[in-house]
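Q: Here are the chains, one letter per residue:
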Amino acid sequence: MHFEARFSAVGGQGIILAGTILADSAILEGKYAAGSPTYTAQVRGGPTKVDVIVDSEQILFPRTQEINFFLSLATNSYKMFCKGLADNAVVLVDPHLVDVPEGDKEKYQIFEVPVIELTAEHLGRLVYTSAVCLGTMIALTDVVKEETVREALKRRAPRGTEMYNMKALDVGINYVRDILKADVKV
Amino acid sequence: MKESNGEVKFLPGNIVVAEAAVAAGCNFFGGYPITPSSEIAAHMAALLPRRGGHFIQMEDEIAAMGSVIGASLAGAKALTATSGPGFSLKLENLGFGYMVEAPCVIVNVMRGGPSTGLPTHPAQADVMQARWGTHGDHPTIAITPAFHQETYMETIRAFNLSEQLRMPVILLLDEVLGHLSEGVRPPKPGTFEIINRKMTDQPPDKYLPYDTSFGDVPPFVPYFEPGYHWHTTGLNHDETGFPTTNPELVTRDEERLMRKVTGNRDLIDKVEYYMADDADVGIFSFGSTARAAMVAVKHAREQGIKAGLFRPVTLWPFPNKQLKDFAEQLKGIVVAEFNLGQMVYEVERTVQSTIPVIRRTKVGGVPITPAEILESVKEIS
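Order-wise, the sequence lines are chains A and B. Numbering follows the working numbering, with no gaps: position 131 of the first sequence is 131. Numbering follows the working numbering, with no gaps: position 56 of the second sequence is 56.
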């Protein structure tokens with residue numbers, strides 16, 4: 001198997017962490033992973049992305065070529081990083097933060113999840129946004145197993161936050177399954 | 001990842017270098033941060049004080065290289081890390097390091113462009129600078145790993161070579177590898193060799209700092225060792241360490257410095273081959289670009305083209321003999337490098353017009369893709 005994911009947002013390290021946890025999960029499953037972050041010269045507030053490749057074999061060329069899963073939490077990061085997506089790629093956006101260009105709605109499978117609103121409502125602290133994002137990814141892809149993501153997230157989570165991180169994963173998973181009733185896997 | 005039995009860690013290449021340096025016994029880092037190498041400095045700042053080592057951020061790269069040579073002469077295993085603009089500044093003191101025979105490791109995480117160029121984007125355009133950047137005749141060892149596991153082991157080897165031959169060794173990464181995270185399995189301590197410089201067994205009154213009666217690598221005494229005194233200068237010097245202009249002594253000493261590399265090729269040289277046994281179309285590539293070349297080899301093979309990769313892990317000294325041998329089975333060779341054509345001159349010099357040499361070069365900050373290399377391979381097949 002070969003899977004390419006891109007997580008993009010503005011400024012924060014949270015989205016980079018989400019990519020790292022996906023890679024950690026792949027490695028826990030005995031797969032290979034490669035992660036390449038990109039950032040602008042701004043210290044804070046610039047468009048940020050991380051590309052993660054997961055493969056059952058050793059990854060030779062470490063850059064993405066056809067992205068299967070794209071997550072974006074800001075219009076400017078969407079515009080900057082929406083290049084290189086595979087046809088019919090799964091694209092997940094926060095509808096309050098991203099204006100998806102009309103043409104893209106035909107090219108890709110777009111899913112709208114109000115990630116920030118959900119995080120604020122269920123967790124109370126936006127620091128859990130990246131875990132909610134990971135939950136949506138679990139529900140929309142077959143790249144890694146849910147239990148491995150839980151294990152990887154527990155290993156990275158600061159002590160005392162495990163319970164909230166697990167709940168954040170559930171919030172993401174449940175929204176995709178119960179509200180969107182999305183039946184798609186890449 | 002056969003070298004070890006530890007746990008797989010998902011780490012950026014720059015952190016791999018820092019972890020491996022400490023594993024190799026590095027106990028001093030002197031530097032000045034510069035993208036895309038800064039994580040090496042940051043991680044060394046976290047690691048070294050906890051282990052009794054020393055980290056110092058100097059006022060600029062010139063001073064940073066000076067601090068590394070000073071620490072080395074005082075007996076430390078010293079590291080610095082930089083990128084193109086900083087490497088340019090370090091070159092004067094790098095030459096001083098070769099001259100006074102100070103073991104140390106210099107990492108250059110290459111970025112794009114001349115001058116300040118493309119700080120956050122990759123290139124492989126400092127490869128000739130690594131060889132010829134500092135003035136005068138001097139030996140060079142430069143290592144270009146391509147995978148994080150290899151980076152770990154080659155960082156250790158860079159320290160070992162620098163200690164064994166008493167000279168600076170350059171580790172050339174690029175932004176792709178420095179910032180790429182992938183799995184690495186650090187070997188357990190004791191499962192790999194650590195070489196330390198040979199110390200003198202002479203008493204203070206008999207000690208000569210550049211005494212060659214023991215071979216081409218003079219035994220060492222750390223600066224400030226009670227009773228021992230030695231003079232360090234960038235001027236050509238005799239065995240006492242004091243300057244000389246005696247043509248015979250100068251010639252003998254400069255030839256000896258070169259011989260530390262030319263006479264130890266078995267120790268230094270390292271080439272990896274990929275599907276090369278029956279190849280008739282060769283690819284020459286190193287570092288991160290070689291990974292794209294490996295994919296190109298696979299795709300060429302799927303299309304019935306017998307392609308194979310020649311990948312120098314030790315880039316300098318250039319593996320002339322190995323490449324000449326490989327070229328005998330080829331009808332042409334593609335040189336894939338992330339610059340506008342540098343190592344291609346060495347390849348052309350080696351194959352001497354016996355086979356066509358196709359250049360696949362690129363600048364602009366976006367790595368060469370497997371498809372681009374495959375295109376060049378098809379020009380030969």
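Everything labelled a hint here was simulated from the structure, so no lab data went into it. We put the beta carbon where it would ideally sit given N, CA and C, even for glycine. Hints should not be assumed to be uniformly reliable.
To be verified - DEER-style ranges, computed between Cβ atoms:
1. B:G364 - A:D183: 35 to 43 Å
2. B:I56 - A:R125: 45 to 53 Å
3. A:M1 - B:G365: 24 to 32 Å
4. A:Q58 - B:I56: 57 to 65 Å
5. A:K185 - B:I56: 50 to 58 Å
Q: Taking the Cβ atom of K185 of chain A and the Cβ atom of I56 of chain B, is their distance within the range 50 to 58 Å?
A: 52 Å, holds
Q: Taking the Cβ atom of I56 of chain B and the Cβ atom of R125 of chain A, is their distance within the range 45 to 53 Å?
A: 39 Å, violated
Q: Indicate whether the distance between the beta carbons of M1 of chain A and G365 of chain B respects the range 24 to 32 Å.
A: At 30 Å between Cβs, range holds.
Q: Range hint 57 to 65 Å: satisfied by the CB atoms of Q58 of chain A and I56 of chain B?
A: 38 Å, violated
Q: For the pair G364 of chain B and D183 of chain A, does the Cβ-Cβ distance stay inside 35 to 43 Å?
A: Because 42 Å falls inside the window, the suggested range holds.
Going down the numbered hints, you'll see the structure goes against 2 and 4, while the others check out.
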